[in-house]
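Visitor: Sequences listed follow chains A and B, in order.
For the first sequence, my numbering assigns the number 1 to the initial residue and increments by one for each residue that follows.
For the second sequence, my numbering assigns the number 350 to the initial residue and increments by one for each residue that follows.
Mixed in with the good hints there might be a few duds.
To be verified - Mimicking SDA-like on lysine to any residue, the simulated pairs with C-alpha atoms at most 25 Å apart in a straight line are:
(1) Lys-231(A) - Gln-58(A)
(2) Lys-100(A) - Gly-495(B)
(3) Lys-251(A) - Lys-433(B)
(4) Lys-534(B) - Gln-291(A)
(5) Lys-534(B) - Leu-92(A)
(6) Lys-449(B) - Gly-276(A)
(7) Lys-253(A) - Asp-514(B)
(8) Lys-433(B) - Arg-451(B)
(9) Lys-602(B) - Ser-180(A)
(10) Lys-100(A) - Arg-511(B)
(11) Lys-534(B) - Gly-144(A)
(12) Lys-253(A) - Ile-194(A)
(13) Lys-251(A) - Lys-534(B)
Note that these hints are calculated values from the structure, not bench results.
There are 2 protein chains.
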Amino acid sequence: MELNSRQQQILLAIINEYIDTAEPVGSRTIARKYRLGVSPATIRNEMADLEEMGFIEQPHTSAGRIPSERGYRYYVDYLMQKYKLSPEEEDLIRQEYTSKVRDIGLLLQRTGQLLSQLTQCAAVVQSPKIEAGSYKHIQLIEMGAGRALLMLVLDNGMIQHRLIDIPATITAGDLATISSVLNAKLSGHTVETIKFTLIKEIYLELTRHRHVLDLILEVLRSSLVPGAEDKIYLGGLFNILNQPEFHNIEKVKTLLSLLEQESLLANLLAQISKPGVNVRIGGEISCQAIQDCSMVIATYGVGGQPAGSLGVLGPIRMDYAKVISIVDYLTENLSIALERIFKGGGSRI
Amino acid sequence: MELNSRQQQILLAIINEYIDTAEPVGSRTIARKYRLGVSPATIRNEMADLEEMGFIEQPHTSAGRIPSERGYRYYVDYLMQKYKLSPEEEDLIRQEYTSKVRDIGLLLQRTGQLLSQLTQCAAVVQSPKIEAGSYKHIQLIEMGAGRALLMLVLDNGMIQHRLIDIPATITAGDLATISSVLNAKLSGHTVETIKFTLIKEIYLELTRHRHVLDLILEVLRSSLVPGAEDKIYLGGLFNILNQPEFHNIEKVKTLLSLLEQESLLANLLAQISKPGVNVRIGGEISCQAIQDCSMVIATYGVGGQPAGSLGVLGPIRMDYAKVISIVDYLTENLSIALERIFKGGGSRI
DNA sequence: GTTTAGCACTCAAAGAAGTCGAGTGCTAAC
DNA sequence: GTTAGCACTCGACTTCTTTGAGTGCTAAAC
Chain A
1 MELNSRQQQI LLAIINEYID TAEPVGSRTI ARKYRLGVSP ATIRNEMADL
51 EEMGFIEQPH TSAGRIPSER GYRYYVDYLM QKYKLSPEEE DLIRQEYTSK
101 VRDIGLLLQR TGQLLSQLTQ CAAVVQSPKI EAGSYKHIQL IEMGAGRALL
151 MLVLDNGMIQ HRLIDIPATI TAGDLATISS VLNAKLSGHT VETIKFTLIK
201 EIYLELTRHR HVLDLILEVL RSSLVPGAED KIYLGGLFNI LNQPEFHNIE
251 KVKTLLSLLE QESLLANLLA QISKPGVNVR IGGEISCQAI QDCSMVIATY
301 GVGGQPAGSL GVLGPIRMDY AKVISIVDYL TENLSIALER IFKGGGSRI
Chain B
350 MELNSRQQQI LLAIINEYID TAEPVGSRTI ARKYRLGVSP ATIRNEMADL
400 EEMGFIEQPH TSAGRIPSER GYRYYVDYLM QKYKLSPEEE DLIRQEYTSK
450 VRDIGLLLQR TGQLLSQLTQ CAAVVQSPKI EAGSYKHIQL IEMGAGRALL
500 MLVLDNGMIQ HRLIDIPATI TAGDLATISS VLNAKLSGHT VETIKFTLIK
550 EIYLELTRHR HVLDLILEVL RSSLVPGAED KIYLGGLFNI LNQPEFHNIE
600 KVKTLLSLLE QESLLANLLA QISKPGVNVR IGGEISCQAI QDCSMVIATY
650 GVGGQPAGSL GVLGPIRMDY AKVISIVDYL TENLSIALER IFKGGGSRI
């Protein structure tokens, strides 16, 4: 299924034009705007061929052509030229990532807002996966009346806390003791590498508090379930309303209600099949409800390790070149920013 | 500007009907459905009077009447009958608040979702104000390479953390020392009652770490700025798309973009002028952009002290009776739930 | 063989005209 | 004070027409 150079030019013209105007593109428009040196009639002939091969389609007779999903895929794989961020866009991003970071959560949230603002799509940013980090600090804080706050700080910047019930007989001093033992034993270990032997040691040192330990280990274990504890930041949802395809309320409703379901989102973000920026077009997304959308996602890392994903969800007719560049650029900047925060900070306190 | 009983009945009928159907209400409909014992002609006469007094208005000649903002205000103040939650609604709420709370943030977020689901409005839930709590635990955690994590746990359940830069010469041990002094001195104090003398004492004990202390106190001080550190949870935004008035994309855009600005939201939530549930109708909201919305908000408390606000934002044509009941009920339940978590947990560790 | 001018044809979108009906205000009778 | 009756209004909906962008096909030109 090879396309000759003129067909490629025409397909490219149709896609560029359609991305720009959201209107079906006719042969005259192409002849006029893209100066291919041939008449509309010739272009019509080529378009008929392109349609037969499935790269473009006609909403109805007597309308221009619009790209098919296959057309977009060809475009993304072969035709698209790299988008160079404008100085304003670069500035906006640089500004965000050179300012001081007060809190990872805030950084992720701002990343989502930027992503959405720059792409006019719905942005999704996943927090670093718990599994990927190692414990930096563990602390139990008494919260009165048989409650304690279990706080976990991971070296990838994630902070988790959870209220747990404890026997009323446990004192603040006990909690401090438990905390310090846990800290000594666990810090530096990743969530996954906590060995049975280690736990045994802890039990030995804290025989008196076996019951509380059970509770804590239960929490630690549950944070292992992938996705269970990840937070997902959404950004600038209202930006998608600027896209003509979302002037249909039903579509907006579908998309928004989906975006509120964290587990579904986590699934979507897991659809990364190759390093770098991944593009899923329409039906390529394995989620029935949003097969009339496209998704551009990538994975960011901390300390060289993949930590979480981010990306955008928008209409199939999106400016892939631009969106891909922006996702790529933001991923890199986010990784660097996280890196900078924890550079040199090995896994030992 | 007194209304006689029949006028009240008619106004009530118009508002109930309009809330239900979102269509202008005609005299015949009222005569048919609300059996006031008078003919449509009589109702027409009364309606003309009500219109002259400004309680209702006509979108155009030959249309029925719709309530004016003034009409809604009168309704809310005098006519409205209390809405009794359905068993299903009560169940839904009870279920949420009797289950174990793992994390205040989650509780607030779920509250927002419930609020939105039950009212079909945009829900807004503010986290407990920092100023309202007293310190329960303060901890500095070394994060490698001149960074530390300052963590503050307040007795109203709020947890704050912030990355700060520290001199590279400070060791983990130093941080532990500072933490324990801060803890000893500050715990039990509210953010506001930290006295100068107290700070002086701390400085004396930690002369060596004066520089780090400055940084920390700066953070503590900045968390005093009202609203600066409060998080705001939004819930079920897509629910408002079910309201016919939000089928106009522009309106949705206005509302959503506003909801993404935390500072504006905090301002809105501050518009509470009396205890209990507050209702702001249309132009009564002091925010230009959403004067075609209404707002129902209330303040929840922890330990008898007001801690934060929550509420909904929806079309002026909202079911005030129902929304008010739900906001009231959720406020109370949230307060009780927070109470339960921290009951008996005075301000001392 | 490829390209293009010419032309008949198609069809959604926009406009114009007409109809419908819910609702009103007014008047006169009860 | 209430109500039946009636003429009137006007948005919403339907139908019909027009418009124009765009196509595919054919035959001539390159």
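Visitor: Each hint: holds or not?
Guide: Evaluation of the provided hints:
Of the pairs offered as hints, the one joining Lys-231(A) and Gln-58(A) is violated, with about 42 Å between alpha carbons and a cut-off of 25 Å exceeded. This hinted pair checks out: Lys-100(A) and Gly-495(B) have alpha carbons roughly 13 Å apart, not beyond 25 Å. Distance check on the hinted pair: Lys-251(A) and Lys-433(B) sit about 34 Å apart at the alpha-carbon level, beyond 25 Å; violated. For the suggested pair Lys-534(B) and Gln-291(A), the alpha carbons sit about 58 Å apart, so the restraint of at most 25 Å is broken.
Restraint check: the Cα-Cα separation between Lys-534(B) and Leu-92(A) comes to about 43 Å, which exceeds 25 Å; the hinted pair is violated. Restraint check for Lys-449(B) and Gly-276(A): the C-alpha separation of about 41 Å exceeds 25 Å, so the hint is violated. The suggested pairing of Lys-253(A) with Asp-514(B) is violated, with an alpha-carbon distance near 44 Å, which exceeds 25 Å. Between Lys-433(B) and Arg-451(B), the direct Cα distance comes to roughly 30 Å. Violation of the 25 Å bound is thereby established for this hinted pair.
Distance restraint check for Lys-602(B) and Ser-180(A): the Cα-Cα separation of roughly 51 Å exceeds the 25 Å cut-off, and the hinted pair is therefore not satisfied. Of the supplied pair hints, the one linking Lys-100(A) and Arg-511(B) holds, its CA atoms being roughly 11 Å apart against a limit of 25 Å. Annotation: proposed proximity of Lys-534(B) to Gly-144(A) holds, straight-line Cα distance about 19 Å (limit 25 Å). Annotation: proposed proximity of Lys-253(A) to Ile-194(A) is violated, straight-line Cα distance about 43 Å (limit 25 Å).
Restraint check for Lys-251(A) and Lys-534(B): not satisfied, since their Cα atoms lie roughly 56 Å apart, outside the 25 Å limit.
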